[in-house]
Amino acid sequence: MQQLDTTPVERNSKRPKIIVKTPRLLEDKDSDLSNPNNPDAGSDGIVRSVREPRPAHYILKIQSYSLLAECGLEKYESGVFEVGGYKWRLTFYPNGKKKSNGNSGHISLYLTMAEVDKLPVGWEVYVSFKLFLQDQLRDKYLTFQDTYEDVRRFTAMRTEWGFQGFLSLDTFKDAANGYLVDDCCVFGAEILVVQFTGRWECLTMVKEPVNSTFRWEIKNFSTMDREFYWSELFTLGESKWKLSIYPQGDSRVRGDQVNSNHLERTVKKWFDAGHNSIWGFSSFISLKDFKDASKGYIFNDTIIVEGQASIMSVTEDFQ
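Numbering-wise, the sequence shown is residues 1 to 319 according to the UniProt record's numbering.
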């Protein structure tokens with residue numbers, strides 16, 4: 001992503017915004033840049049503001065504008081410049097990009113992708129951009145920005161975006177405005193390519209996953225003298241799991257353990273690789289009931305512990 005190297009003053013600037021009123025001109029539906037809900041937008045849907053720093057990425061200076069306008073060529077394409085890993089041009093229409101009904105009455109300026117034949121099939125590039133026109137009398141730049149959308153999508157079907165009604169010819173040619181001085185004008189561009197460089201994940205909830213039950217048979221239970229034991233690893237879904245057991249109870253639990261005749265407990269928790277990697281019951285069953293031979297929990301000095309997952313999540317990470 002290309003970082004602009006100019007002082008950021010566009011949106012937070014305290015300088016007054018200049019709204020240049022021009023007749024509403026529309027091309028096709030996709031080129032309608034109007035947005036009446038934006039208070040800074042002119043009737044043509046373009047936000048125009050003034051700033052001092054020059055455009056960061058490209059400047060196009062045209063001398064002898066009148067000869068260019070009268071030579072019969074509809075447009076001029078600038079040299080190629082690179083921003084954000086892509087090649088670009090400025091496309092200038094000295095008499096405006098004409099519609100089927102004749103002259104537009106404006107100059108037009110567009111940002112155009114260059115060398116698109118070198119891009120892969122199905123390419124698309126999202127771009128936020130500003131175009132500029134220098135006020136040579138006051139050494140400032142009139143900034144043009146699309147109010148309809150902050151980000152434009154360039155594709156093989158749409159390789160240029162810009163403004164047909166960039167500025168009216170009358171306003172552009174008025175010497176008092178400083179845009180055309182000694183038959184010379186200066187344009188510019190700043191481009192921010194919006195590139196996703198982070199990671200993303202996909203969460204899927206799975207009901208009754210494959211191999212959802214693990215059976216742990218513990219023999220010689222009476223000889224277990226450590227505080228806790230781990231089972232062998234088993235696979236559940238795409239993850240590895242273990243069961244743990246505290247033969248004499250979890251020492252972190254104070255007081256009498258809770259009496260319960262239920263040997264099945266359900267827990268609904270999120271497991272992760274951090275501090276939430278272990279969940280269970282410190283008071284699963286009282287030691288008194290557990291060791292009561294009539295209950296049948298211990299048989300031939302062997303106990304059987306099972307863990308079953310009824311619903312689990314599967315998370316895939318992508319980059």
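Worth double-checking, as some hints may not be accurate.
[As the list claims (entries may be wrong)] For each label pair, taking beta carbons as the anchor points, the in silico distance ranges come out as: (1) THR171 to GLN63: 53 to 61 Å; (2) SER212 to SER128: 44 to 52 Å; (3) ARG138 to GLY105: 21 to 29 Å; (4) TYR76 to GLY105: 16 to 24 Å; (5) TRP230 to VAL206: 22 to 30 Å; (6) SER294 to THR204: 44 to 52 Å.
[Stated by the list, open to error] Here are the computed lysine-lysine pairs in the DSSO-like style, where the Cα-Cα straight-line distance is at most 27 Å: (7) LYS75 to LYS87; (8) LYS207 to LYS219; (9) LYS98 to LYS173; (10) LYS87 to LYS118; (11) LYS61 to LYS98; (12) LYS219 to LYS242.
It is worth saying that the hints were derived from the structure and are not from the lab.
Glycine included, C-beta positions come from ideal geometry on N, C-alpha and C.
We went through each hint and held it up to the structure:
1. At about 20 Å, the CB distance of THR171 to GLN63 disagrees with the hint of 53 to 61 Å.
2. At about 49 Å, the beta-carbon gap between SER212 and SER128 stays in the expected band of 44 to 52 Å.
3. Hint check: ARG138 to GLY105, Cβ distance near 25 Å, so the stated range 21 to 29 Å holds.
4. Between TYR76 and GLY105 the Cβ separation comes to about 19 Å, which falls inside the hinted range of 16 to 24 Å.
5. Checked against the hint of 22 to 30 Å, the pair TRP230 and VAL206 passes, with Cβ atoms roughly 25 Å apart.
6. Checked against the given bound of 44 to 52 Å, the beta carbons of SER294 and THR204, roughly 45 Å apart, stay inside it.
7. Proximity of LYS75 to LYS87 is assessed by CA-CA distance (about 19 Å); at most 27 Å being required, the pair is judged to hold.
8. With a C-alpha separation of about 32 Å, the suggested pairing of LYS207 with LYS219 is violated against the 27 Å cut-off.
9. For the suggested pair LYS98 and LYS173, the alpha carbons sit about 18 Å apart, so the restraint of at most 27 Å is met.
10. For the proposed pair LYS87 and LYS118, the alpha carbon gap of about 10 Å is at most 27 Å, so the pair holds.
11. Annotation: proposed proximity of LYS61 to LYS98 holds, straight-line Cα distance about 22 Å (limit 27 Å).
12. A distance of roughly 17 Å separates the Cα atoms of LYS219 and LYS242; the hinted pair therefore holds under the 27 Å criterion.
In summary, the structure is inconsistent with hints 1, 8 from the numbered list given earlier, while agreeing with the others.
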